[in-house]
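Undergrad: Start from chain G and add chain X according to the hints.
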Amino acid sequence: MNPIYGYGQLVYGALGDKLALTETFVIFAPLLLCGVAVALAFTCKFWNIGAEGQLYSGGMIGALFAVYSTSLPSIISIPVMLILAFLGGAAWAAWPAILKVKLKVDEVVTTLLGNWVMTYAVAAVLFGPWKNPVTGWPESPVIADTAKYPILIAGSRFHLGIIVALIVAAAFYVIIRKTKWGFELRGIGGNPTASYASGINVSRQIITAAIVSGGIAGLAGIGQVAGIQFHMTTDLSPGYGYTGVVIAMVGGLTPIGVLLASFLMAVIVQGTQAMHRETGVPWALAETIQGIILLCLLVGIFFTKYRLRRVK
Amino acid sequence: MSLLDATLITGVLAATLRLAMPLIYGTIGETFTERAGILNLGIEGMMLMGASTGFLVGYSSGDLWLGVLAAAITGVMLGLVMGFLTISIGAQQHVAGLGLTIACSGLSFYIYRITIENVGGIPPHVDPFHTIPIPYLSQIPIIGEVLFDQHALAYLGLILVPISAFILFRTRFGLALRAVGENPNAAATAGIDVFKMRYLCLTIAGALSAVGGAWLSLAESGMFLPGLTQGRGWVCIALVVFANWSPIRVLGGAILFGGIDAVQLSLQSVGWNVPYQLFLMLPYVLTIAALIAVSRRARAPAALLSSYKRED
Numbered sequence: 010m011n012p013i014y015g016y017g018q019l020v021y022g023a024l025g026d027k028l029a030l031t032e033t034f035v036i037f038a039p040l041l042l043c044g045v046a047v048a049l050a051f052t053c054k055f056w057n058i059g060a061e062g063q064l065y066s067g068g069m070i071g072a073l074f075a076v077y078s079t080s081l082p083s084i085i086s087i088p089v090m091l092i093l094a095f096l097g098g099a100a101w102a103a104w105p106a107i108l109k110v111k112l113k114v115d116e117v118v119t120t121l122l123g124n125w126v127m128t129y130a131v132a133a134v135l136f137g138p139w140k141n142p143v144t145g146w147p148e149s150p151v152i153a154d155t156a157k158y159p160i161l162i163a164g165s166r167f168h169l170g171i172i173v174a175l176i177v178a179a180a181f182y183v184i185i186r187k188t189k190w191g192f193e194l195r196g197i198g199g200n201p202t203a204s205y206a207s208g209i210n211v212s213r214q215i216i217t218a219a220i221v222s223g224g225i226a227g228l229a230g231i232g233q234v235a236g237i238q239f240h241m242t243t244d245l246s247p248g249y250g251y252t253g254v255v256i257a258m259v260g261g262l263t264p265i266g267v268l269l270a271s272f273l274m275a276v277i278v279q280g281t282q283a284m285h286r287e288t289g290v291p292w293a294l295a296e297t298i299q300g301i302i303l304l305c306l307l308v309g310i311f312f313t314k315y316r317l318r319r320v321k
Numbered sequence: 145m146s147l148l149d150a151t152l153i154t155g156v157l158a159a160t161l162r163l164a165m166p167l168i169y170g171t172i173g174e175t176f177t178e179r180a181g182i183l184n185l186g187i188e189g190m191m192l193m194g195a196s197t198g199f200l201v202g203y204s205s206g207d208l209w210l211g212v213l214a215a216a217i218t219g220v221m222l223g224l225v226m227g228f229l230t231i232s233i234g235a236q237q238h239v240a241g242l243g244l245t246i247a248c249s250g251l252s253f254y255i256y257r258i259t260i261e262n263v264g265g266i267p268p269h270v271d272p273f274h275t276i277p278i279p280y281l282s283q284i285p286i287i288g289e290v291l292f293d294q295h296a297l298a299y300l301g302l303i304l305v306p307i308s309a310f311i312l313f314r315t316r317f318g319l320a321l322r323a324v325g326e327n328p329n330a331a332a333t334a335g336i337d338v339f340k341m342r343y344l345c346l347t348i349a350g351a352l353s354a355v356g357g358a359w360l361s362l363a364e365s366g367m368f369l370p371g372l373t374q375g376r377g378w379v380c381i382a383l384v385v386f387a388n389w390s391p392i393r394v395l396g397g398a399i400l401f402g403g404i405d406a407v408q409l410s411l412q413s414v415g416w417n418v419p420y421q422l423f424l425m426l427p428y429v430l431t432i433a434a435l436i437a438v439s440r441r442a443r444a445p446a447a448l449l450s451s452y453k454r455e456d
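Chains as they are written, first to last, in my numbering: chain G, 10 to 321; chain X, 145 to 456.
Only chain G is shown next, with the shape it has when bound in the complex (with noise of 0.2 Å):
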């Protein structure tokens, strides 16, 4: 097959008309909020691998409250429900912080084993006392009409999730570069003793950092849930939590940088499904390409520290 055809259907897929481009922004929305969460943990070196298991903490917490929240008005629903999810997100990020601030414990292997301790305490909840009564399938009752994200665009799914996110990232820039808590932030990343010594309550930042990293990739699981599936389910997301890792270390872990990485892979994301229908190309590609461009990023970061040189 010519690859020539093979990767324009990609891109015809992700952009070429208007439905493509909206289920593109689909996507982008919870990557978005995964690569915001990531980078800003990343920035002051805590290292939360576990966006994946707090997008689901978040999502479960959220959709608790929207189930039964038939009674309010989307005014108030939503907001409760994005607070609340953010909340969730947030304590699954929390206790990895303490036991690394209090105890030393290393964060990559909590924040990394947290996510599966996550999965399965929303599988056993969805499982157990949630099943859907009638069809048995793992999914809570449906969450009321008045906690659903609007559609923007009639006729797509391009909901009110996709601006939460713009406003998020939009916030980060904020935070990192105006503020002094984001500037601090940076200051623990480049590095902890001098930020210690210049009387930065280093311990403090690092667990406020990973809180609101935690509860920024909870607001991206109440997006899927609001926005897309409309109740809890054990499918909210293929690894974006994964994949946020991925853009923002190709973001650079700025603000503009995870942006454009996190709209470049929505666009993998959803133009190797494209692909995959028009050609048979099989969609584990997209997985793929995120993972090699990771890996080509890394080597690329060696040769702009260390730049080659003729020496005569």
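To be clear, the hints were calculated from the coordinates, so they are not data collected in a lab. Possibly wrong hints are sitting among the right ones.
Mimicking DSSO-like on lysine-lysine, the simulated pairs with C-alpha atoms at most 30 Å apart in a straight line are [stated by the list, open to error]:
#	chain 1	residue 1	chain 2	residue 2
1	G	Lys189	G	Lys113
2	G	Lys113	X	Lys453
3	X	Lys453	G	Lys314
4	X	Lys340	G	Lys54
5	G	Lys54	G	Lys187
6	X	Lys453	G	Lys54
7	G	Lys314	X	Lys340
Covered by chain X, per the in silico footprint, the following chain G stretches (three or more residues, Cβ under 8 Å) [what the hints assert, rightly or not]:
#	segment
8	60 to 71
9	287 to 295
10	302 to 309
None of these values were measured; they are calculated from a predicted model. Beta carbons are placed, not taken as given, at the ideal position from N, Cα and C, and that holds for glycine.
TA: Relative to the frame of chain G, chain X by itself:
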């Protein structure tokens, strides 16, 4: 004890060892790399690639051992990739490992799909490894059936444990290896080639993890499915910590974790209505608890996660 109980117990014990086997292979490998100072989060990807290439070669050649060999070679190559990223160019270990896993989990299914044209219907499978009963010993009730009527790969895995413990703690090579993980600069001063040592550990780990993956496709199920490992690589990451970086304890931990899985499966099969996800969650929870318990006396190799720069 009635005959039924005996059969049930034998069944659970035999299942325990079968489920522990991929964990033993993967975790022994991971113990080597972490002892040398490298956290290999690529292990999940290595296991998946081993399962995939092992199956493909075993299926098309009809020789399962050729499949095991192919898996080992694939693992060695992936170990070299991980080594190039984390040792030669000093990329962050957890990011490189995660990237490798993401790429491999896509690639493992991609190569399977493009090699085997099969859409719908029964997935192709091989006749998996048969057990080799050891004369006389296999006649012992319960123990004989569990320990001495196993696949050749299981005997190999069991022998691997004491050999690894001996290499790590009783040989000059093992001493050098641990020195590299504790204090690479001092090790280098003492004339140890840190780069070579770490590369060697990663290739060993790659081969072992991939064979652990191939166990799943060639000895256990006889086929390959996307995500066949079901996160066993991450269980290995947990198990290394749980086993305190010691091969002998890896055996105990793998049997414990495998046992939890086996009990869960048999409870499900007799129709016990317990949320089995809570059992699946248990290894991760136990490991996090162990991390907290040992945090007061940090036992992880001191140079874990730090890259080493040659001074020349």
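Undergrad: Each of the hints needs a verdict: does it hold here or not?
TA: Comparing the hints with the structure gives:
no. : hint                   : result
1   : G:Lys189 with G:Lys113 : 26 Å, holds
2   : G:Lys113 with X:Lys453 : 25 Å, holds
3   : X:Lys453 with G:Lys314 : 14 Å, holds
4   : X:Lys340 with G:Lys54  : 29 Å, holds
5   : G:Lys54 with G:Lys187  : 19 Å, holds
6   : X:Lys453 with G:Lys54  : 20 Å, holds
7   : G:Lys314 with X:Lys340 : 23 Å, holds
8   : 60 to 71               : violated (count 0)
9   : 287 to 295             : holds (count 4)
10  : 302 to 309             : holds (count 4)
Consistency note: the structure conflicts with earlier hint 8 alone.
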